[in-house]
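Visitor: Fit chain B to the known structure of chain A by using the hints.
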Amino acid sequence: MTPLRFEETYQDEWAELETLLDRVLGRNGRKDNADPPVSGARLAALYRRACEQLALARARAYPAYLVERLERLTADGHQLIYHRREFGLARLKEVIAVEFPSAVRQHMTYVAIATAVFLLPTIIVGMLVYRQPEMILTVVSADTAAEFEEMYSRSAESIGRVRAASTDWMMFGFYIRNNVSVAFQCFAGGLFAGLGSLFFLGFNGLYSGAIAGYLTERGLSSTFYSFIATHSAFELTAIVLSGAAGLRIGHALLAPARQTRRQALVHATQESAVLLYGVTAMLLVAAGIEAFWSSATWLLPTVKYAVAAICWTAVLGYFAFAGRHAD
Amino acid sequence: MLDTVVAAETPEGILLELRPAGLTARFYAFVLDWIIRIAIIYGAGIIANVTGGVGVAFWIILIFALEWLYPIAFELTASGATPGKRVFGLRVLMDNGLPVTAAASVTRNLLRAADFLPLVYGFALVSILIRRDCKRLGDIAAATIVVYEQRSVSRPPLDYVAPVVPVRSLALEEQAAVIALAARAPRLTRDRLDELASLAAVVSGDAGGSGPAVTDRVLGVAQWLMGRRR
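Chains A and B supply the protein sequences, listed in that same order. Per the working numbering, the very first residue in the first sequence carries number 23; after that it's consecutive. Per the working numbering, the very first residue in the second sequence carries number 468; after that it's consecutive.
So here's chain A without its partners, still in its complex pose (with noise of 0.2 Å):
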């Protein structure tokens, strides 16, 4: 059979095919609703057809315009029926409720290094900061840590900030912008066969834990720990779990087991998607407690630590409740 012969017998099925494929993909920019509804068995048995003949045109070695125009015609059929929705509401409410939670106890080993690898440079340098606060210059210069000093001084208008001018909205997006970056170098971090990620949250960790003890030298405990208490159930735990996400997949590649390193990067990182949706939802709510809740100067630090104590009871029974009846 010649190219000519070939393009004469099936151009029809091919222009069908094409017209249903426009139809359903809203291209040509024409809606019609007046139109006939497009059958999805006709366009399945077509697109079928169609594979068979690239198959054939391609063996039978046809001249290049034939053959591409077989190739769209599949490969917009392919990527029509094979097409994975997932989106809308009830996906979401699937996420919130049951998938971000497993996966938080599925991931409970990387989760626990996480927190270990945070929590211990904090402890530790608190510790030594507290008792020599001169060290807090190896951390941070001597102007930031006035700064910070002076954010958190009890007559400052509202607590952590440097001055007035700044709103609460302002803060908003400075701490999503800021959080959220943080975040994610953590997670990213893990590429790097996890290094990455292991830095990010000991040098974080290192960094919170020396501006707290320097703080609580110099007597300010009360301003500090009540402004960093409610939001911190959200921050903390989040920036915590994208590390544990970056560690899961340096992990992979470290040790693959019994995929290459490459499906096993693939593997981790799909699995650890579900960790980065909820992560920047609680980085969200964390900003917005924050901007408008720690900074408030007008409540007593009990309303806070109580407000704090409940928030840190949610989220941790959330991570540990929420969605069981599916693991």
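FYI, nobody ran anything at the bench for these hints, they're computed from the structure. Where hints are given, some of them may not hold.
What the hints assert, rightly or not - Calculated Cβ distances over 12 Å to all of chain B for the following chain A residues: (1) Pro25; (2) Ala77; (3) Tyr104; (4) Ser124; (5) Ala164; (6) Glu172; (7) Phe209.
Claimed, not checked - According to the in silico footprint, chain A covers these stretches of chain B (three or more CB under 8 Å from chain A): (8) 494 to 508; (9) 526 to 537; (10) 597 to 610; (11) 636 to 642; (12) 674 to 683.
To be verified - Some chain B residues flagged as far from chain A (calculated, every beta-carbon gap over 10 Å): (13) Phe541; (14) Phe555; (15) Ile646; (16) Pro653; (17) Arg654; (18) Asp661; (19) Met693.
The beta carbon of each residue, even a glycine, is placed where N, CA and C say it ideally should be.
Guide: Chain B in isolation, oriented as in the chain A frame:
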């Protein structure tokens, strides 16, 4: 083949050919996206300056969204590409040729933080250059690939030459080569076309000859192979 083609097998057992986009195209697309984002940030900055307080907050949130969510949002649309990629005819697909999933899009874009290291997308640069499928680290981990959109190839316009019967039977590859030459004819200069046609002149029995007449006879063989007899 010299082409950088990556094959994705469908359940029907055929291979979809994906053409990975190399560094240059992706760089242009990135720069264009970057300019678009800067323009939006700059424009919104002027408005934020006027409104102050809340406006500035939304401005900062906007910067965050443009930084991290801009590529994700656009990749999940039907075109599977950011505006920059669309202009340069690129799109993001899964390795198996399907549209990119939400999870994959999120991962590949968050992993920009790793691709960006050690300096201005250093790892991405190296990875795209050394890999046949031109993936950056985020693409490898998310099992995605940036490809050129399929473009349509028109049928070789050969109606101006008369079909010529080949002097001997031609193997499949030979037939394909002659037809491919005919398809390229409109895009070649006359001299270059004559030069290439002289290499294939054996099919029309003009071995060793060259010139416009030989070229027409070689193209005539292509006509014949395509199935035209008169």
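Visitor: Please go over all the hints and tell whether each is borne out by the structure.
Guide: Results of checking the hints against the structure:
1. Distance to chain B contradicts Pro25 of chain A as a non-interface residue, since its nearest Cβ pair spans about 5 Å, not more than 12 Å.
2. At roughly 5 Å, the least C-beta separation between Ala77 of chain A and chain B is not larger than 12 Å, which violates its mark as non-interface.
3. Residue-level check failed: Tyr104 of chain A sits 6 Å from the nearest beta carbon of chain B, not beyond 12 Å.
4. Residue placement check: Ser124 of chain A keeps its beta carbon more than 12 Å from all beta carbons of chain B (closest about 15 Å).
5. In this structure Ala164 of chain A is separated from chain B by more than 12 Å, as the shortest Cβ-Cβ distance comes to about 28 Å.
6. The Cβ of Glu172 of chain A sits about 22 Å from the closest Cβ of chain B, beyond the 12 Å cut-off, so the non-interface label holds.
7. With 12 Å as the threshold on Cβ separation, the claim that Phe209 of chain A sits away from chain B is violated: the shortest Cβ distance comes to roughly 6 Å.
8. Counting residues of the stretch 494 to 508 of chain B whose beta carbon lies closer than 8 Å to any beta carbon of chain A gives 0, which falls below the threshold of three, so the coverage claim is violated.
9. Interface restraint, the stretch 526 to 537 of chain B with chain A: holds (7 residues with C-beta to C-beta distance below 8 Å; minimum three).
10. Using a Cβ-Cβ cut-off of 8 Å, 5 residues of the stretch 597 to 610 of chain B lie near chain A, which meets the minimum of three, so the contact claim holds.
11. Proximity of the stretch 636 to 642 of chain B to chain A, defined as three or more residues with a beta carbon under 8 Å from a beta carbon of that chain, is established by the 3 residues found.
12. Counting residues of the stretch 674 to 683 of chain B whose beta carbon lies closer than 8 Å to any beta carbon of chain A gives 0, which falls below the threshold of three, so the coverage claim is violated.
13. Once the 10 Å rule is applied to beta carbons, Phe541 of chain B is consistent with being away from chain A; the minimum gap is 15 Å.
14. With a least CB separation of 19 Å from chain A, Phe555 of chain B remains clear of the 10 Å interface cut-off, as annotated.
15. Here Ile646 of chain B does not stay apart from chain A, with its beta-carbon only about 4 Å from theirs, under the 10 Å limit.
16. Pro653 of chain B, annotated as away from the interface, keeps every beta carbon of chain A farther than 10 Å; the closest lies near 12 Å.
17. Non-interface status of Arg654 of chain B relative to chain A is upheld: no Cβ of that chain comes within 10 Å, the nearest being about 12 Å off.
18. Distance check on Asp661 of chain B: its Cβ is at least 21 Å (rounded) from any Cβ of chain A, clearing the 10 Å threshold; non-interface status holds.
19. A beta-carbon of chain A is positioned within 10 Å of the beta-carbon of Met693 of chain B; the least distance is around 5 Å.
Checked against the numbered hints given earlier, this structure breaks hints 1, 2, 3, 7, 8, 12, 15 and 19; the rest are met.
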